[in-house]
Every structure is written in C-alpha cells, then in structure tokens.
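K.L.:
So the chains spell out like this:
Number of protein chains: 2
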Amino acid sequence: MSTHEFDVLTIGNAIVDVIAKVDDAFVSREKLVKGSMNLIDEARAEQLYAVMGPATEISGGSAGNTAAGVASFGGRAAYFGKVKEDQLGAIYSHDMKSIGVHFTTPKAKDGPATARSFILVTPDGERTMNTYLGACVNLTTADVDKAVVEATKVTYMEGYLYDKPEAKAAFREAARIARAAGRLTSITLSDSFCVERHRDDWHDLIKSSIDIVFANESEIKSLYKTQNFDGAAEAISRDCPLAVLTRSHKGCVVVRGDERVIVPAHPVEHVADVTGAGDLFASGFLFGHTHGKPLRQCAALGSLAAAEVISHTGARPEVNLLQLARDNGLI
Amino acid sequence: MSTHEFDVLTIGNAIVDVIAKVDDAFVSREKLVKGSMNLIDEARAEQLYAVMGPATEISGGSAGNTAAGVASFGGRAAYFGKVKEDQLGAIYSHDMKSIGVHFTTPKAKDGPATARSFILVTPDGERTMNTYLGACVNLTTADVDKAVVEATKVTYMEGYLYDKPEAKAAFREAARIARAAGRLTSITLSDSFCVERHRDDWHDLIKSSIDIVFANESEIKSLYKTQNFDGAAEAISRDCPLAVLTRSHKGCVVVRGDERVIVPAHPVEHVADVTGAGDLFASGFLFGHTHGKPLRQCAALGSLAAAEVISHTGARPEVNLLQLARDNGLI
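If you read the sequences in order, they're chains B and P.
Quick note on numbering: the first sequence equals residues 60 to 390 in my numbering.
Quick note on numbering: the second sequence equals residues 60 to 390 in my numbering.
Heads up, some of the hints might be wrong.
[Unchecked claim] Heads up, simulated DMTMM-like pairs for lysine to aspartate or glutamate below, C-alpha to C-alpha not over 20 Å straight-line:
| no. | chain 1 | residue 1 | chain 2 | residue 2 |
| --- | --- | --- | --- | --- |
| 1 | B | Lys80 | P | Glu377 |
| 2 | B | Lys309 | B | Glu232 |
| 3 | P | Lys309 | P | Glu293 |
| 4 | B | Lys166 | P | Glu105 |
[What the hints assert, rightly or not] Quick partial rundown of chain P residues pointing at chain B, CB under 7 Å, derived from the structure:
| no. | residue |
| --- | --- |
| 5 | Gly112 |
| 6 | Ile117 |
| 7 | Asp145 |
| 8 | Leu147 |
| 9 | Ser157 |
Hint data in this document are derived by calculation from the structure and do not stem from the laboratory.
Model, not experiment: these values are computed from the prediction.
A virtual CB, placed ideally from N, CA and C, is assigned to each residue, including glycine.
In isolation and in its complexed conformation, chain B is listed as follows:
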C-alpha cells in the first residue's frame, strides 16, 4: 500500500537501448523503414546484432523515458515494466531507481532475457528501432499495483504495450483502476504501424477509457485513416477530452474540444538522435498538467524536454529538466 501520491505513473515495455550509428545504406540493406519501430524475434536480434557496429547501452523504453523525464522535472513518478533478473535488468532497475522513480515491478526469474532495442541512428539524427521484447511479455495484470494506480494523478501507458496479450490486459486493468479511483488516464499511440495493428481496438479504448491522448502527426492520421491533419484533430476532439498532437519541428497542437493551442517547437542547434522526443515531450506536458499549469505552458515544457533529448544520443535527459525549464523562464 502506497501512502505517497504520485503525479505520473507510466506503464510500458522495459527496454535497454543498444544504440549504434549506421549509414543510410545499412538501413536499406536490412530492409528497414527509417523512423519506424520493428518488433523482432531472438533469431533476428542475433542476426542484426552480428552485423551492427559497436554500440552504447542505455536504459530506454518509451514510458520509462517519460517517467525519467517527469522525475527530472521534479515530479513524483512511478513506473511499471518487466525486466528479467539478469545484468541488463539490474542496469534498468538501477537507472530508474537512481533518479527517484518508484519502480518495484518484480523481476522475471526465468523466461526470456531483459528486452533490448537495437536503435540505428542515421547521420540525419533519425532513429530506426528493432525491438526484441524478451521479458516484457511477462508483464501481466498481477504487476498492476492497485495502490499505486489509485494514488496517481495520471496513469500513462504506451501503445507498444498492446502488442502482447498479457501486457494489453495489464494496460486495460490499470486504466480501469485509475478511472474507478477518479484519476486520469493517458495513452501515447507510440508508432503509426502500432496504430495500424490496433486501430479498431484503440478507437473503442480511447472513447471509453482515456482522458489524454498523445500522438504524432502520422499516428493521429493513421488512427482516423486520413491524410488531413486538421480533420484528424477534429476527430480526436470528439473522442477524447484532451489530445496532444506533436508535429516534429513544426511544434504541436493541443486539442481540447473546439480549443486549439498551437505551440512552436523549441529550437535545437544540432539534432543528434531523435530517440525519445515524443516520450520526453509527454513528460514535460504531464509534469505541467499535474501541477495545474495552463495548456500552453504544458506544451512548452514538453517542447523543451523534447529539444533537450534530441540534442544528444540516448533517450533520457542528460540535464536536470526543472533547472532547464527555470533557465528558459518556463517555470
């Protein structure tokens, strides 16, 4: 039983990122769609790793990155995600706990290894992800700590979780508990291919159980099978009380009923690696939102955090985001 209140609980696939620089020819040779996230099996993971160059390992996972961002802003963050009791699992757990994220999901004692994502970063800073889910498949409803969900202002879940039935059940259970406790629920659509896989299900889920949707332009267009961004924004405004639509360097649009709040992207001198941009945007927005800030300020905090994370390799902030927000006059 948690006696502590949390601002944001995130639930997602607990993944160690294995980041390598590659050229565009490598991406073509491996028949990958640049910018996408691909689920791979163990055999493909081994094959891909064998042809990749040297890499850097750093904790990642979409919702994990968001929790790290919230903590860096000084928010009270919790995380549910499954690693195995192995070296990468120990690293993942350390990296969460050491930044003050409440993370107590029991580690899997057997079964597949801690998940890893081979993240191929091309010279343009774009990333192509190849994820072996490993131990993530063991996240189940048993890992949904009811007391934590009930004690959290916003429970945020990554769409990627929907790819495995047990994790999907955990996702739905967490949403149910949050709603029953009068708390807010949130989802990120994660990836346009992910939207393709779950479109109908997500229409129902969003209408019935979600308070805040995060999506980028291609994801929201895919959700409503349209090429028209404004049309997609209009559609989501009918299905969900609040939607935050990010448009890369074009900034973002916050949609609340008929209201549209348009906030430009925070300038970035050099884009090193876009991994985590959406995750960190969500962290800034949710930190602001759970601290009663107006939508424009929430979005500006999101833009700032996204700008910080794409300016370096790796999907976790390298500086204290609260200090950065203060230095930029945003808090």
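Since the structure of chain B is provided, determine the placement of chain P on it from the hints.
P.N.:
Just chain P now, kept in the frame of chain B:
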C-alpha cells in the same frame, strides 16, 4: 594458427564502462581521489552503484580502447582479454569484433561476472574510475595465443594487468614470446598508483623486456621517484629504447636515446570526458609506428586520437580515425 599479420596486439582487462556524471561533492563524499583508478571488490561495487546516478554502458578497458583505436585508423588489431559468458561479456565481445579487432580469448564459463568500471565524470571532464575486475582475474597464460603474438609487430600491454598474479604471468609470457619472435613489446604504466604498487618489478621488466614505454607525467615521475620530469625522461632513455611521455594539454615528449621529439596537444574545443585519452594516444602512435612513420607523425596521430576521444563521453572513438587523420593532413 594465425596466418595473418597484425600491426598491434593489445592485452588488458576487458571491462565494460558504466559512466555516470557526478559533481565534485560526490567524489569527496565517496572518499575518492579525482583522476585515479581504484580497484574495488564486489561489495563496494554494489554499494557504489546503489548511490550513483543513471549511467551509460559502453565497452572500455585501457588496452581494449587502444585496440579499438588502432582498428579505427585502419590498422590490423588483435586483443586478449577475459570476459564471462554473460550479457556484458556478449556486449564486450560484439563491440570488439564489430570493429574488426581479432578477439578470440575464450569466455569464462563460471566464476565472477564480466568486469565493470564505474566511471564518475565530474563537470571538468575529469574521470575517477572504480573497477571491479570480475572475470579479468581468469586471464592466464593459457589465453596467450602464441601464433597471434608471433604474428604481431607490437604487443602492447596495460600496467593494470599486473594487479592479478595470473594475468601478470600472461603478460610476462606474451612479452617473452614476442621478443623470441623478434617482435616489439610495449607497456603503458596505466596509473601512478599502479606504478607505486609495482615500481621495482617494472624497473626490471622494462630494462629486460620492453621496447616502447607509454606513460603520462605523473606515472613516469612515480616510476623514478622524482618530481623532475626531465630527469625522469633522462632515466627512461637509459632503460628503454623508446618512451612516449604524455603531458595532457601540454602535449607529449618522445624520448629515444638523446633525442627528444616534442609535439603539442591537438586542440579540443570542449573536454567532455578524459576517459581513454592515454589509450587512444597510444593507438595513434602505434598505428603510425607500425606503418613506418617518423616519431613526430606518430605522436601527432596519437594527439589527434586523444583529442577526439576526450571531446565526447566514452573511451572509444566515435568517428573513423583514419578519415579524421586525413582531414587533418596527418596521413
């Protein structure tokens, strides 16, 4: 049996670096000497990890970094070092092989885990290392592949190896084989505390078995128990045919008999993390030396590689060093 000739074989402790940014207060609180390398046991490793912030994992190890540098220059590199058959060992092995380093030392099947070094980087870019040697203690003379040593122009060993008796024996055996095959031997003194631990032994070793010594200013002064750099240079000139003495931002002095070649440091805009500076200096020097370049050019290549590695986090080059050398008119 190797039918291939190598330019440089390096032998050292195979270590995964666990790099975290800390402030100076953390270094004091943990009673560490900034800039030093400390050997720690498993209990201390756990205790230190528990209080450290989030980290990035990247393959390291002094001699391993040097082999990576030689390969990046386009040299033919081989490496002997011991990891365990675990996740970090697989990462280490991948990172060496993927850059073309010949690395076939059998992995330990039991015993302690793959070594890791907790590298604490302070805001000034200085690093303080805390190394748990783990599986490295299992490197023995059985791992010295005679055919590889015999086929290598320069066998280079890190002084750190001397801290464990079995590895020290492997070190001496490799030197013996190299000399018997008419090849060159080289050592880096690694760390001034390491010199303290082995001073008398190393005086004998260098005089009897070493052709090229690498040392920084504090190491060479410690070796000869003097505060006088020129005196230390004079002393090493009598004990060893060739010595390469690095002096951080003051550049380096190459000592060959009465000859002194003084080469300035390559300019660096911002020092992010000095880890690997000496290792990469050695890689550039040895690449040049095994390709028949004059001493001044060898030292300039070393300075260039050192400058590249300290401009970012992590002790392995992030760009192709051969290309960088060409861009700088050094090759």
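K.L.:
Compare the structure with each hint and give your call.
P.N.:
Evaluated hints:
Between Lys80 (chain B) and Glu377 (chain P) the alpha-carbon distance is near 9 Å, which keeps this suggested pair within the 20 Å criterion. Distance hint between Lys309 (chain B) and Glu232 (chain B) is unfulfilled; the C-alpha atoms sit about 35 Å from each other, more than 20 Å. With a C-alpha separation of about 19 Å, the suggested pair Lys309 (chain P) and Glu293 (chain P) falls inside the 20 Å cut-off, and the hint holds. Using a Cα cut-off of 20 Å, the hinted pair Lys166 (chain B) and Glu105 (chain P) holds, with the two alpha carbons roughly 18 Å apart.
The beta carbon of Gly112 (chain P) is positioned within 7 Å of a beta carbon in chain B (closest approach about 5 Å), and the interface hint is therefore held. At its closest, the beta carbon of Ile117 (chain P) sits 5 Å from a beta carbon of chain B; the interface hint therefore holds under the 7 Å criterion. The beta carbon of Asp145 (chain P) comes within 6 Å of a beta carbon in chain B, closer than 7 Å, and the hint placing it at the interface holds. At a threshold of 7 Å, the smallest CB-CB gap from Leu147 (chain P) to chain B is about 5 Å, leaving the interface hint in force.
Proximity of Ser157 (chain P) to chain B holds as hinted, the smallest CB-CB distance being about 5 Å (cut-off 7 Å).
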